[in-house]
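First to last, the protein sequences are chains D and Z. So for the first sequence, our numbering puts the first residue at 1; every next one is plus one. So for the second sequence, our numbering puts the first residue at 1001; every next one is plus one.
Hint data in this document are derived by calculation from the structure and do not stem from the laboratory. Check before you lean on any hint, since a few could be wrong.
[As the list claims (entries may be wrong)] Simulated pairs of lysine-lysine, DSS-like, Cα-Cα distance not exceeding 25 Å:
(1) Z/Lys1266 with D/Lys36
(2) Z/Lys1221 with D/Lys270
(3) D/Lys94 with D/Lys270
(4) Z/Lys1266 with D/Lys128
[As the list claims (entries may be wrong)] Covered stretches of chain Z, as calculated for chain D (at least 3 residues, CB under 8 Å):
(5) 1009–1019
(6) 1054–1067
(7) 1080–1086
(8) 1103–1111
(9) 1114–1128
(10) 1191–1203
Ideal Cβ placement from N, Cα and C applies to all residues, glycine included.
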Amino acid sequence: MTPDGDLTKVADPADTPFGIVVDKPQEFPRSRRKLKEAGLAYFLLLPALLIFAVFIFYPFLKNFQLATQQVPPFPGLPTKNVGLDQFGDVLGSKDFLNSLWTTVLFALITVPIGLILGLALAMVAHQKLKGIAIFRTIFSSTVATSIAVAAVIFGTLMNPQVGLLPWLGINPQPPFLENPGLALPAVAVATIWQSLGLSFILMSSGLQSVPDDLLEAAEVDGAGAWSKFRNVTLPLLSPTVFFAIVVGTIFAFQTFGQIDLLTQGGPIKKTNVLTYYIYSTLRESRDPGKAAVLAIALFVITMLLTLFQLRFLERRVHYAR
Amino acid sequence: MSTRKTRRQVWGLVGRYTLLAVLSIVVLFPIYITVVNALLTGDQLGSRTPTLFPLHPVWENFSKAWSDGHFGHYMVNSFVVTLLIVTGQLITAVFAGYAFAFLEFPFKRTLFVVFLATLMVPFEVTIIQNLTTVTDLGIYNSYAGLAIPFMATGFGAFLMRQAFLGVPRDLQDAASLDGYGHWRFMTRVAVPLVRPSVAALGVFAFLSAWNQYLWPLLVTKDDQFRTVQVGLKQLAGSTIGDIPLRFAGAAIAVVPLAILLIVFQKQLVRGLTAGAVKG
């Protein structure tokens, strides 16, 4: 959290218990005003708090209760309370480990490639040229697409019934999305393209924070293009890069739409990423207990990534000051 | 010497524009080929010599996706749900942001941490119980069920708080001398002053609401409430023999956001660079 005068300032003496001095005639109306202010504050916070309570905190906590309930093998039987046993069963299962590895692999493909392509586009667009704004708009254009749109476009292009890729000599057997070795990379291609716009926008805003005079100074010192990039731009860009890696990884762990539209977790569970696994456990296996364990695992991973990022951002703030 | 330098500059310029143009073509190609393929017949699409420019565009594919594919209806649903979410988010974010920036009240710090804590819980983690809750509340398969869970975000409140903290305190004192209460100060002074942040949040909320996939898939059961994104799945499933229609559907789904990107580019960039924090 950012240090902030509002939250950390020492309370006005009139607010402290010892500040209630009776000899001040304005004391009473003043505290009534404070009461009114607090009332207004709670009124303003209420709508958001209500939604958070019902749709974030309650379902989040409910996961822990659901996770102890084992769905009976045959419908009609009562659910069994198995305590923490289900955690071990689910998290130790081959399916979960496969799903976790698939998600990590997916992040390892999409995050670095997306980042490098976004950075490359940002570097190319980071120059003073007539009409550069048009190219910037084009490079950020994929933010206007959704993951569902990207999945439909790439999935249909990879459909062997469509002539374009076979004409280019790209016609793997079995076809991309049914091919155990190619399905995940194929889904990754759609994902990388869709996130390219966002990656470009992030990297561009990072590049704008690199001072021009520093680059000019390096040039005067005889630094070449690569040396300028390696020794000036990249170090100054590292917070943005770090941020993009963490956020990209969090996004990767929420991958769902492209899997649902393209592969449904197959072939042979090669694309069964964690969020899709939660969904299919809930929807197809109708096992909320097991799904809850998986959801808790997803939460823990996201939390660790977020904390990692917050720690780093905090340090960055200190550097800046 | 000077002419040679100019010539080199000219060639450098040509090189730069060529690079930019080539990259633009690569980035835009999937969208271009989508529009082209949407205008082909099934046979042309399957041909091993692909058509890269439709000489006889089949515009009926778009009208078929729009009516037979229910895309007209899906669009209406997407717009209704998105506008509900954007309006809800703006109101809850302005309210909460104002309270955190301008008001003093007990448990302020705690409540602020509560708001920040919501950022750590991805929506995917909460779907199991939310599906039950929405059914119990009687809003399964309805606009309310699609929109209400997203009408408040910790990110929005945080963004508005930061914006309001930039409003000079003197203004509030002056307004209060003029007899403005908090409500009037918020609506007439503070919100107009932070309009850029409101716009950035609004555009960002529009983008994420329009593109939602998992929740609309879970919470709708028929075409009456399906959104465009889920409609794409319907289209892909129902018209297996008719691939050009899928491309037409994808092209239709992009149009509103393409307009949004062109008109509100600055706000979108602002919202995205701030919004990616949400993860």
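Coverage assertion for the segment 1114–1128 of chain Z with respect to chain D, Cβ distance below 8 Å, three residues required: Coverage by chain D holds here, the residue count being 13 at a Cβ distance below 8 Å.
Hint consistency between Z/Lys1221 and D/Lys270 [alpha-carbon to alpha-carbon, up to 25 Å]: The hint is violated at about 28 Å.
Verdict on chain D covering the segment 1103–1111 of chain Z, where coverage means 3 or more residues with a C-beta closer than 8 Å: holds (count 7)
Coverage claim, chain D over the segment 1054–1067 of chain Z, checked by counting residues with Cβ within 8 Å (three needed): Per the Cβ count (0), the hint is violated.
Hint consistency between Z/Lys1266 and D/Lys128 [alpha-carbon to alpha-carbon, up to 25 Å]: Roughly 18 Å separates the two Cα atoms, so the pair holds.
Restraint check for Z/Lys1266 with D/Lys36, where alpha carbons must lie at most 25 Å apart: Cα-Cα ~39 Å, so violated.
Given coverage of the segment 1191–1203 of chain Z by chain D, tested with a Cβ cutoff of 8 Å and a minimum of 3 residues: violated (count 0)
Outcome, coverage of the segment 1080–1086 of chain Z by chain D - at least 3 residues whose beta-carbon is closer than 8 Å to one in that chain: As far as the segment 1080–1086 of chain Z goes, the hint is violated, because 0 residues have Cβ atoms under 8 Å from chain D.
Within 8 Å of chain D (C-beta), three or more residues of the segment 1009–1019 of chain Z: Satisfied; 4 residues make the cut.
Pair hint outcome, D/Lys94 versus D/Lys270 [Cα-Cα no greater than 25 Å]: Cα-Cα ~13 Å, so holds.
Hints 1, 2, 6, 7 and 10 from the list above are not met by this structure, while the remaining hints are.
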